[in-house]
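Novice: Which chain is which? The protein sequence lines are Z and D, in order. With the numbering used here, the residue at position 340 of the first sequence is 340, and numbering never jumps. With the numbering used here, the residue at position 437 of the second sequence is 1437, and numbering never jumps.
These aren't lab readings, by the way, just hints derived from the structure by calculation. There may be inaccurate statements among the hints.
Under the rule of at most 30 angstroms between Cα atoms (straight-line distance), these lysine-lysine pairs were calculated in the DSSO-like manner [said to hold, decoys possible]:
no., chain 1, residue 1, chain 2, residue 2
1, D, Lys1221, Z, Lys209
2, Z, Lys212, D, Lys1505
3, Z, Lys212, D, Lys1501
4, Z, Lys5, D, Lys1509
5, Z, Lys9, D, Lys1501
6, Z, Lys209, D, Lys1039
7, D, Lys1505, Z, Lys3
8, Z, Lys212, D, Lys1502
9, D, Lys1509, D, Lys1215
10, Z, Lys132, D, Lys1509
11, D, Lys1224, Z, Lys5
12, D, Lys1501, Z, Lys132
13, D, Lys1505, Z, Lys5
14, Z, Lys5, D, Lys1502
15, D, Lys1221, Z, Lys3
16, D, Lys1221, Z, Lys5
17, Z, Lys3, D, Lys1509
18, D, Lys1505, Z, Lys132
19, D, Lys1505, Z, Lys9
One side of the interface only, derived from the structure: several residues of chain D facing chain Z at Cβ under 10 angstroms [stated by the list, open to error]:
no., residue
20, Val1223
21, Phe1338
22, His1339
23, Pro1475
Listed next, the stretches of chain Z that the computed footprint assigns to chain D, with coverage defined by at least 3 CB atoms under 8 angstroms from CB atoms of chain D [what the hints assert, rightly or not]:
no., region
24, 104-110
25, 142-148
26, 151-163
Keep in mind it's a predicted model, so treat the numbers as computed, not measured. We treat Cβ as the ideally placed atom computed from N, Cα and C, and that holds for glycine.
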Amino acid sequence: MEKAKISAKQLFVVVVLFEMGSAILVGLASSAKQDAWIAILLGMVGGITLFLVYHRLFVFYPDLPLTSYVQKIVGKWMGRMLALLYIVYFIYIAGRVLRDFGELLTATIYTNTPLIFLITILMITISYAIQKGFEVIARVGEIFFIVVYLMAIAGFFLIIFSGLIHLENLKPMVENGWMPIIKTTLRETLNFPFGEMIVFTMLLPYLNKPEKARVMCISGMVLSGINITIASVINVATLGVDLFVRAPYPLLATVSKIQLAQFIERLDVLFMLYLMIAGFIKVAIFYYAAVIGTADLFHFKDYRKLTLPIGTIVLLAAMFMAQNYMEHIKEGLDVVPIFLHWPLQIMIPVLLLVIAYLRKKISQKQSLADVSQTADGADA
Amino acid sequence: MAKLSNLFNKKQKSKQNDNLRQKLDPSAPKELVICRDYKDNISRIKEEMGNSSDLIIRELKIGPYPGALVFIDGLVDGKGISDFLIESIMSAELPDDNPDFDLFQFLLDNTVAFGSVKTIKNWNDLYDSLLSGCTVIFLNGYNKAISCETRGGDKRAISEPTQQLSIRGPKDSFTETLRTNTALIRRRIKSPNLQVEPMKIGTVTGTDVAILYIKGIANDKIVKEVRERITRIKIDSIMDSGYLEQLIEDQTWTSFPTTFHSERPDVISSQLLEGRVAIVVDGSPFVLSVPAIFVQFFQAPDDYYSRFDLSTSIRLLRILAFLIALIGPSLYIAATTFHQEMIPTTLAIAIAAQRENVPFPAFVEALMMEIVFEILREAGLRLPRAVGQAVSIVGALVIGQAAVEASIVSPVMVIVVSITAIANFSTPVFAMAISARLLRFALMILSAFIGFFGIMIGLMILTIHLCSLRSFGVPYMMPLAPFNWDGQQDVFIRFPVWAMKKRPKFMSKDNRLRTGTNQKPEPPKGDSS
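Start from the sequences, fold in the hints, and give me the full structure.
Specialist: What follows is the structure in structure tokens.
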């Protein structure tokens, strides 16, 4: 662990950027069609519930990251295996996100540039930030937050003034009943992006005021949830359901529709700016969590030595995790949620919480018993 | 070893032997105590300074007692010495037949007509005061000397600032003399809390340095840190505050200035009032102030002297200009090489038509022009003033018209380069402007590789770098990252003076209130006519 301290404000900003991250770029919950926004909001509620579980664990062990306290909860060897599993998971997700961004760039703007070239450059930038430490990442987050918000507000008004919004596209609501929405929520939005808050179990010990962790994280999740919802509503209202479901990047399609005063058009560059910022923050957080997790598990004094090796693994993972974009997406929608997200984001943490709770109960009982014993002894 | 032990033994004996020993063994440590015989002292000074021609030794008699005056010509106020020292010493009337008469004390109390007088007992102090322009008086039979503050000599008068110009506001600037500079600041801040801490750096030059801060406003931690960093310095010479800056800054590997410097007393005074620490170096008209933050380099003195709406818009313009200076040419390269679809069609056709005859890719063209311009700029700076005109004419003709007609560059490129150059001059502090000038080339290379993506990667690395910098422990991007609301009064928008209620949080911890309540000016009430 590094000796960094971040403020509550910085945590909030990082949570918002992290949660919005790539979720706003891809057509999140597009399988729920025009009701995507409902699925997102439901996912947010579910995500907050999940976060309460993570937060409870944090309250049990306020100074330790996940990789440390998991060893205390389930024992040394079992705990180490689990910690390693989480590190691999973080590396894998970092690679996935990196691949997402690389694919987006090669699909839209840099059609002739090799993928490896683009993501290597992005990875070098992120490694630089990791090398500088978490405080710097948090500060960079603050500046990016301002940039993203200015851009988002500008984009929002431009879309409205371009007269692209057709709210009737959102109707009919709940056309096919609630089942598809709930299905989408459980398979997509709950895990991505809201369940990804699991990575913050590694970062919460850096907070300078631990009592603010819950408020800041939840409000960050709510704000980002609202933002994603707005983006999704705008996408559907602008593109129509058909295009929204088919477009690989609905927000890009929406943004490139902006045309105002014969002058403001082709704002793809704004989109790209957001893309870079979101990709940066999201990969950086997972990558950083993996790095400090490894340092923590294998008792490295200086985590900086691990930046380069783990960065290389992330890069290779991103490169070779799928042959092509379709495979990548298919894996992301069908395999990862069931085999990775559900167990690692939901089942294991809940189980850990139960065990931690029971352990505490037992130790309390024991100490109570001790106390009563000594009291008995005193009586006698 | 034997020599050394000998040496200690000798110390017990009469001090008359010291000079002899010095002659025999020059490597031995010099005896620091002044001799009783004034002639020995004089010959020692003469010997050690190698009979320098500016060393003036005036032997005289005070009544029956012999003595000598020593000073360095050119460093002292000659008229003052003759009027108030020699004159009064020679005309002194000594009291008769007093057995307790002490000539030394008599001179100190009655004769030496100078404001600041010191008694010196060892040679280090003696050279310190002698070489900084004091006059030293030796008296026969005393193993101490009198040093009178007779500093004078020629110095540059206070003139208008040449680097940091402003339309409105005071027109004086610092000079090379430390005392003048501290006086200029003290004249503005008439508070006993303004502290001037003297220091000496440079084992050979012995340069005077002063640390200035306002007690009660400046953060003690920062003052302590500054003091520690300066006392840590071991170097032979300090020629300018630029030396000191490089020795005390937090990080060497950065193109951004992490200390602020100014030649304007008003700027430094207002920095002090915000809780910063100023460092004045003798011989340098640029006074340093720390800690420095990024946004500070975009604040011109005019911003505070004119009304807030005007200064806010000018400041925003300045920030825009900085961005243009940073990414102007790289945007052009990216747009023409990779993202032609971003340019409106008619303009794209026009640019393409102009570039038809140009044999180079946009990057080479831009690089060429930028380098030529940088050469012109540097040459313009170094050339004797008389030829300066010629260079600017040649430059304008050659890189402007002729290069376009010769189809080496396209006219658009000339426009881009000129706008970039002009924009670069609008950053108020040169140290920041030159940083943009340098980074521009890195961004150009990145954009030549991968267009906008490269520019953004470059800007991102810059942001990470800026966020990782610190100046005397204060994060460089304060108050943007870490964000605080109080600090926003003087970042992008300069609040009206009455609304800038508090000093920056990161500078002064406790004493932060700057204005009273209800300072907003209002028209008189009840006057309806």
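Novice: Tell me the numbers of any earlier hints that the structure contravenes, in ascending order.
Specialist: 6, 12, 20, 26
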